[in-house]
Amino acid sequence: MNTFVKSIKSLGSPKTAIIGMVALGVGSVMSYGNPESVSAWYLAGPLAFLAVSLLVAITTNSRIYRRGGLLVFHVGLLSIAVLAAVGRLTFFEAHVEMLEGNVFGVEDTLNVKKGPLHSDDLHHIEFVQGRYTVEYHPGMVRGLTHSYVRVKGDDGSWQDKVVGDDRPLVIDGYRFYTSFNKGFAPVLTWKGIDGSSMQGAVHMPSYPLFEHKQENDWTTPTGETVRLWLRMDTGLDEKNAWILNEKTPESTLVVFVGDSRIELRPGETAAVGGGDLTYDHLATWMGYKIFYDPTLHALFGASMLSVLGLFIHFRRKFSLQPLRAADPVGGRVPVADDPRPTTGRVV
Amino acid sequence: MMDGHATELPWLWAGLAAYALATFAAFRSVQVAHARSAGAMAVRGQENAVLTLLVVGVALLTISLAERWIRIGHGPFVNLFELIVSQLFSLGLVYVVAYWRFPVLRPTSVVVLPILWVLGLWVLVLEPTAVPNPPTYFNNWKWAHVGFGKFFLAFCLIGTGFAGIVLLRRVKRLAPYLRVLPDDDVLDNHAWRFMLLALVFESLMLIAGAVWAQDAWGRYWAWDPLETSAFINWLALGMALHIRFTYRVPTLWSSAAIVGLFVFAFFTYFGFPFYSEAAHKGVV
Ligand code: HEM
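Same order as they appear, the protein sequences are chains S and R.
If you count the first sequence from 1, position 333 lands on 336 in this note's numbering, and the numbers rise without skipping.
If you count the second sequence from 1, position 14 lands on 22 in this note's numbering, and the numbers rise without skipping.
No lab work stands behind these hints: they were computed from the structure.
A portion of the hints provided could be inaccurate.
Just a few of them, taken from the derived set where beta-carbon distance is under 8 Å, the chain S residues facing chain R [said to hold, decoys possible]:
1. M24
2. L27
3. Y35
4. G36
5. G176
6. Y180
7. G304
8. M307
9. F321
Derived DSS-like pairs: lysine-lysine, alpha-carbon spacing no greater than 27 Å straight-line [unchecked claim]:
10. K164/S <-> K194/S
11. K158/R <-> K320/S
12. K150/R <-> K164/S
13. K250/S <-> K292/S
14. K216/S <-> K292/S
15. K320/S <-> K292/S
16. K292/S <-> K150/R
17. K216/S <-> K164/S
18. K155/S <-> K116/S
Simulated DEER-style distance windows between Cβ atoms [unchecked claim]:
19. K180/R <-> V29/S: 35 to 41 Å
20. G142/S <-> Q39/R: 49 to 55 Å
21. P325/S <-> W151/R: 27 to 33 Å
22. M143/S <-> N148/R: 42 to 48 Å
23. R69/S <-> T70/R: 42 to 48 Å
Computed from a predicted model, the values in this text were never measured in an experiment.
The beta-carbon is built from N, C-alpha and C at its ideal position, and this holds for glycine as well.
Chain R extracted, bound-state conformation (with noise of 0.2 Å):
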């Protein structure tokens, strides 16, 4: 059932839509630079398309999510449906920003957003239902984890771009495509940059989420579901780490290890609450 005063979802529609277009426009700009015939004018403006079609896909999405915000009254922390459209958001304004700066990581846009379109289909299938903010959700520690949070999915998808495309190297049918690339020692090792950073903000994530805990439920640490999945990731991202300064891990492994991180820190974010249906439920 829609629900019938849901104003926002034409906007979400609409940034899902210039998601699609800049996923498509992607593609093209791999297939463009493949093609030996042309220039590098020709690439730079696939890739320009990519950027304005992201741009206008995270504004969008800002007026969806500013226009739910005005009608319920409360921001995107509640629900799946919530958590999803505004990660939409945020994974998709980080990665515009690091799309436009960093030229070196605008071919990982052809893992990165047909990642974003999971998030997409998915949220296409949710009830945009309001629920009411949970007694502890007044705190003001609340920004700064899932704001810390959101940058740490950020840069873990980003390694993942780069990872994803080591691996699709592997796949002989596309190989061609990607090889005017760097390197994968190359990839591989901003890959890892990407995930130091991630760890960096992951490892604030938690320590807003615990100040917010303390705040919330009188405990900073209690392992419920969603602490001991952020805490494991945490772990397994700090170990990954060493294990590939330790021992020489070959480029695909290491690859295979940051997809990994990153299946794990989706099913952190989108996995228990989906079965919980909110976030930290079992202790709301």
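Okay, chain S solo, but in the shape it has when bound (with noise of 0.2 Å):
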């Protein structure tokens, strides 16, 4: 054999494959908590170099290609590395906040992070945001979301759907995830001098995380920076169980605008910087957590097929030698289908 095919299947050598597992390791243990500091290639170089290493042996090594067992085993982790890398080159993470009432739109999209091949499908989805329910346990120990919302099917018909943190939203293969930031938002009119007239909703700070921070501050049209808070009434007691919902809270919004202090109740108007301001109710907005990633179901096939082959190859192993052979206490068993290197010692 020449040296060129001697160092090829070398590479494809148990040795090389258990090198190429230290550095794994080494990359585990440095991407432990996802740290921003610690370069992707850290998991991406020995995932590279085991993909290469796994071919060739699958290719070359008959211990591995003449066990069908085996063969399907380390195939599907060449797969499951080779997905990986086609996961991280398409994903598309994000966060979403959707008042109720409104449609999805790509341009809300916040803490976008995408692989460098993703192709950018989101401008086909449509959804509406409805209500909430969110339920808590005693001690504010968060439970259940409904989030119900509107989706937009390829027919163009509406139909309803419940959303939550563990049954995703999925259109298009984004799958839509609420989360625990969502809150309130108090939804003003603003009536110019002019009598130009606009409607919008400020966004509160995430509910109850930060229930003692119910304040934002929003500029009018004519360019004054006011600061809004929302100062709620929910007669909650933690210890008991409860459900946030927009009927949770009986609001006041109190504007500060320069020195002056206004209180608004839903329906009622004060002049502010200009203008008429009207507090027309108190909304909701629900945070969402948006993935997306074309190789899941890919990924799940192959690492069921993998554990299938590993498990073809023990009951093999085992029918070759079962345990309950081994009984006789005291006596020497020859041990059949021993990988290890023949020492003389185990037969």
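Grab the two chains, each in its own frame, and use the hints to assemble them into the complex.
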């Protein structure tokens, strides 16, 4: 065998595999907790190395390709490595805060992270946010979320769906999960002296996480910045179970303009910064996590196939040498299909 | 402070007492096997005692788990107390079935049962506080993930039982008691077979966990403490199997590696939840 073939083959040797596994182990330790400072190469490097090593082993090492179970297992491992890489190149992750009654728009997405080959198909997604309920157990422990949405199907019809933390809304492979991040938003109408009118909502910080900081700044169309504080009267006792929904608070909107302070109840209007500001009503907003990875199902299939291969390999070993046959106390028992290097000691 | 309504506790204590008696009977069986005058019948008698006591122990722990489940309205998945009781139950159950079906592994009880007792002692100092299910724990993949994990740890424990005997034989005072068992090579081979089976179930546990994580937290893998530890454990097991068939590893080292892998798995299970008080707390 010439040296070139030999060195290619050695790439697929179990010794090389051990080196690759040690490197992957180091990469995993470094990736613990997903620190931003650690390059993705700490994982991608060892995985690429292992993938090449596996490919060579599968094609050149008869101890793998002659044994069905082991072959399926190692091919499965190779597929997982390749799919994980494709997944990293094409994934998409983001957050979005959806106001009750509003339609999803790509431009509202925040903290977007995506792979270089992601094909940005979010434009087709159409759904409208409805109300939600979040169960709380005694002691402010969050339970199930039910977020009601209306989704536009391919045929143009609208369908009602319920989304939760672990029941994503899946549209074209994009998965929307509700999150702890949700809250209230006063809906305001502004009427300028010139007759112009606009309606909008100001998202208050996440509730009940920032219960005591329900405030935000808003700049009027005339350029004046006002501070809005949502004074909540929930009558909540943290020791009891309760349900968060749009009915939870009795609210008063406190508007700070310069030195003055104005209190508005829903439906009330006040003159603010060259116009009339009406506090229409209190709406809710829900924060979603968006996740897209086109390889999810294939990854699942490849992993299950791998385990099946490993199990077949195990069965074969077991049937060659059942444990029960090794019963005789004190006896030297022949050990069939022992893959270890023969030492003369083990038959 | 003791929770006054924890009606499951007497059943738990009774179950632990049965495990303790089984441990005692296990030591007796090895002692009887060692006494040259004793016949095979005497050994079988002791082994039957171990078997019966373990069955009783598992039954009592089942009642304890059921009682608590009904009392607090959810299964033993959330805090460390629940995790340990449920492992005491499942490790005991898998072990007792293996003990009954494969007489060859019966002597491993002198290693396995004391390990169960470490968990038993630990649970005695924990409070049986009830914590509600986090919102992500209503997913059905939880069952698969937890179930596969239980088999993984149980097979790892059996492997450790064999490896433990190989190691205990190195202790001069104990060696004579363990002499009648098969050679180290044979025990080592049995041990690794269970470790291979453990790898099958650990892989399934990771897959089911990833599917659950995708549903629960919107990502299938994020290198959280438990995920990282479980993955490294999986990799280390695969690596150990590779090293074993690539190099001539002396049985002493091979057995030590198994014990090491078990200890690693033990900390993955009970170490991280111990520090965070709820499995995967970082993302709840
Ligand atoms: C990356 C490159 C890899 C190569 C080149 C490779 C190569 C091999 C070879 C040649 C065998 C057959 C051993 C024999 O019986 O002679 C084998 C078996 C095996 N491999 Fe791999 N492998 C790789 C990765 C992995 C990984 C990542 C794992 C799992 C963590 C793994 C787990 C196993 C298992 C469980 C066996 C069966 C061991 C036994 O029967 O005791 N391999 N591998």
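Comparing the hints with the structure gives:
Annotation: interface hint on M24/S holds; nearest CB of chain R at approximately 4 Å, less than 8 Å. Nearest Cβ of chain R to the Cβ of L27/S: about 6 Å, under the 8 Å cut. The hint holds. At a threshold of 8 Å, the smallest CB-CB gap from Y35/S to chain R is about 5 Å, leaving the interface hint in force. Restraint check, G36/S versus chain R: the minimum CB separation of about 6 Å is within 8 Å; hint holds.
Hint status for G176/S relative to chain R: violated, with the closest Cβ pair at about 13 Å, above 8 Å. The beta carbon of Y180/S is positioned within 8 Å of a beta carbon in chain R (closest approach about 4 Å), and the interface hint is therefore held. The beta carbon of G304/S is not positioned within 8 Å of any beta carbon in chain R (closest approach about 10 Å), and the interface hint is therefore violated. Restraint check, M307/S versus chain R: the minimum CB separation of about 7 Å is within 8 Å; hint holds.
Taken as an interface hint, F321/S checks out: its beta carbon lies about 7 Å from the nearest beta carbon of chain R, inside 8 Å. Taking the CA atoms of K164/S and K194/S, the gap is near 36 Å; set against the 27 Å cutoff, the hint is violated. Taken as a hint, the K158/R and K320/S pair is honoured in the structure, with Cα atoms around 23 Å apart against an allowance of 27 Å. Using a Cα cut-off of 27 Å, the hinted pair K150/R and K164/S holds, with the two alpha carbons roughly 23 Å apart.
For the hint pairing K250/S with K292/S, the CA-to-CA distance comes to about 24 Å; that is within 27 Å, so the pair holds. A distance of roughly 23 Å separates the Cα atoms of K216/S and K292/S; the hinted pair therefore holds under the 27 Å criterion. The suggested pairing of K320/S with K292/S is violated, with an alpha-carbon distance near 46 Å, which exceeds 27 Å. Proposed proximity of K292/S and K150/R is supported: the alpha carbons are some 21 Å apart, at most 27 Å.
With a C-alpha separation of about 32 Å, the suggested pair K216/S and K164/S falls outside the 27 Å cut-off, and the hint is violated. Distance restraint check for K155/S and K116/S: the Cα-Cα separation of roughly 26 Å lies within the 27 Å cut-off, and the hinted pair is therefore satisfied. Taking the beta carbon of each, K180/R and V29/S are about 39 Å apart, inside 35 to 41 Å as hinted. Between G142/S and Q39/R the beta carbons are some 52 Å apart, a value that agrees with the proposed interval 49 to 55 Å.
Look at P325/S against W151/R: about 31 Å separates their beta carbons, and that is inside 27 to 33 Å. As the Cβ distance of M143/S to N148/R is approximately 27 Å, the hint placing it in 42 to 48 Å is violated. At roughly 46 Å, the beta carbons of R69/S and T70/R sit within the given window of 42 to 48 Å.
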